[in-house]
Amino acid sequence: MESFVHSLVKAVPVLSGVPMWTLTLTAMILSAAVLLVFALTFGGVGSYVLRKVAGDIQARIGPNRVGPNGILQFLADGVKLVLKEDIIPAKADRFLFALAPYFVFVGSFAAFVVLPFGVGLIASDLNIGVYYVMAVTSLVVVGVLLAGWASNNKWALLGGMRAAAQIVSYEIPVGMALMPAVLIAGSLSLQDIVRSQGGLLGVFGWNLFHNPFTFFSFFLYFTAAQAETNQTPFDLPEAESELVSGYNVEYSGIRFGFFFLAEFGDMFVVAALATACFLGGWHIPFLHAEALPAFWGNLLSLGAFLAKAFALVLVMMWIRWTLPRLRVDQLMRMAWKYLVPLTFVNLLGVSLWLLIFKGKGIPQMIASLFG
Amino acid sequence: MNGPADLIFYILAALTVGSAILVAILPNIVYSAIALLFAFAGVAGLYVFLSADFLAATQVLVYVGGILILILFAVFLSHRISDVKLSNPARFHWQAAFICLSLFGVLSYTVVSTSFPVKPGTVYQPSTAEIGELLMTRYLLPFEVASVLLLAALIGAALLSRPEGRKGTSSDMEEPK
Amino acid sequence: MGMDKLLVIGAALFCCGLYTILTRRNAVAVLMGVELILNAANVNFVAFSHYVSRVIGGQIFAVFVIVLAAAEAAVALAIFLRLYATTGTVEVDTADELKG
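Going down the list, the sequences are from chains C, R and L.
Per this note's numbering, the first sequence starts with residue 1, numbered consecutively.
Per this note's numbering, the second sequence starts with residue 1001, numbered consecutively.
Per this note's numbering, the third sequence starts with residue 2001, numbered consecutively.
For the record, the hints were derived by calculation from the structure and aren't laboratory data.
Watch out, some of these pointers could steer you wrong.
Unchecked claim - Per label pair, the in silico range of CB-to-CB distance:
(1) C:Leu99 x R:Tyr1010: 37 to 47 Å
(2) L:Asp2093 x R:Ser1108: 32 to 42 Å
(3) L:Ser2053 x R:Phe1143: 35 to 45 Å
(4) C:Val9 x R:Val1118: 27 to 37 Å
Small disclaimer: the values here were computed from a predicted structure and weren't measured.
All C-beta atoms in this analysis are idealised placements derived from N, C-alpha and C, irrespective of residue type, glycine included.
Build the full structure now, drawing on both the sequences and the hints.
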């Protein structure tokens, strides 16, 4: 942010009279606003795409009334949610009931800060990027627990505790499955991880093809992340048919809208992390994005990143409407007995590979054979 | 530190100490737990001011995302479901307040009147690489001992919270076929 | 100087934690007080590491304190749940017999 502000002051000499901290603060607030607008738009358009994909897979049309092909459905939904009556159950804890959606939304939105959208497009390139995302997404659990408790409703409490147990259990495979990318890059910073995948032209620089362990770890990460964001087949805590929508059963109107937006925000964060760590992030195949002039490099790399992230979100939605739901004990068994040992073995495998082959992946070794 | 950095530091300090006071005096235990969350978050912010970025993320990850969840689970599991307002009355207010305030007075006076050998010029640098290296070389033994201790705590907690079943039989632990 | 303010914050956290331990009847609230005291100690460690010694050992010690606090909280809460199962309450006054 500081370097961006410096370059802005050089470009616009009028601003050199303003103290540095005002400019930095304004730049921070503006970038946060841009990210917020992106998150909310993604939540809205994502809900429309979700329903269309659901309709496709279930052999029906989906929303098609509001606007051409139903494309304004999310605006109608948004207006409906905002205009609904704000009902708080009589015996519910009012303060915690109102506070819980904010925790969930902050836990999901705060991770947007470190996502590498383009060559220079990152709100804050923290040098603990991946670790920061893991730390911040654990705030969602507190919100879910409070929502379940404050609703004064047995099903909400049960759903809240199950959701909290599920998210906490799947945090471990998520973190461990991201570690191979960190090991290959040698840094927790997401821009460093993306840059480390840019060696070979084309898709072969991606961490996905670096060695068989990272290939496996991509699928482990995707599975664990699908569980952590409470998507089917792991969505028992908020299943409509099982638990009457779980911890958010008493929420209506814009409070429910917060939970809904937080879920889509989480989906995007998970997909963005998967693209940044395994699918090459903002690298464009057969083009060296960093060598292009600033505007085109940023624009093309932003397009590449969003295309990959949206493709992964579509895959998540596809899996969501295809597979049946796991029972809660099957869910916990899968986390603790299958995913946790597999991710640890995977991490060990990657470490040994990097030690033996001195950090080179399979494509790099093949490329060095050809000179 | 320039202007806004000082202001943010004071806001974080007020958040931390204010939340800690709320933890101590709020009668409803769930509200105390939420105040504790803000105290932990405030301390994490203070760590960032002390160039301890890895430690700040660890604080949020372990304390907010782990210990606070455990505390909330314990609160929810140790009350009947009909009690919405979990009241937690305190006693010996005045004696304890006197002790704690006098202790705070003594500690602050000691701190303010001692001249610590502070090295001039603050340095902000990322700490993750150094911590990782030291944990693997100089502090390897505490690292390994901590992992064994965590294993023991895990087994102990799981054993202690096993449901009271039929004595000796482990048939309730088998997976459904 | 920043260090004085940080040490005073640490002292304040310690005293709040001590007040919580002394006055509360609920065992989980006593545990919350213990966590506040551990945080106060951590703040002191990191403040000294940053201002006085410029060695990162203070932060490493704080990492170990966090790890141990997590382990201790897990076992303590398991014990509290056992107490609730046998006596029906988690008030510290009821845990006054060594038998059972």
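Evaluation of the provided hints:
no., hint, result
1, C:Leu99 x R:Tyr1010: 37 to 47 Å, "24 Å, violated"
2, L:Asp2093 x R:Ser1108: 32 to 42 Å, "33 Å, holds"
3, L:Ser2053 x R:Phe1143: 35 to 45 Å, "21 Å, violated"
4, C:Val9 x R:Val1118: 27 to 37 Å, "34 Å, holds"
Checked against the numbered hints given earlier, the structure breaks hints 1, 3 and satisfies all the rest.
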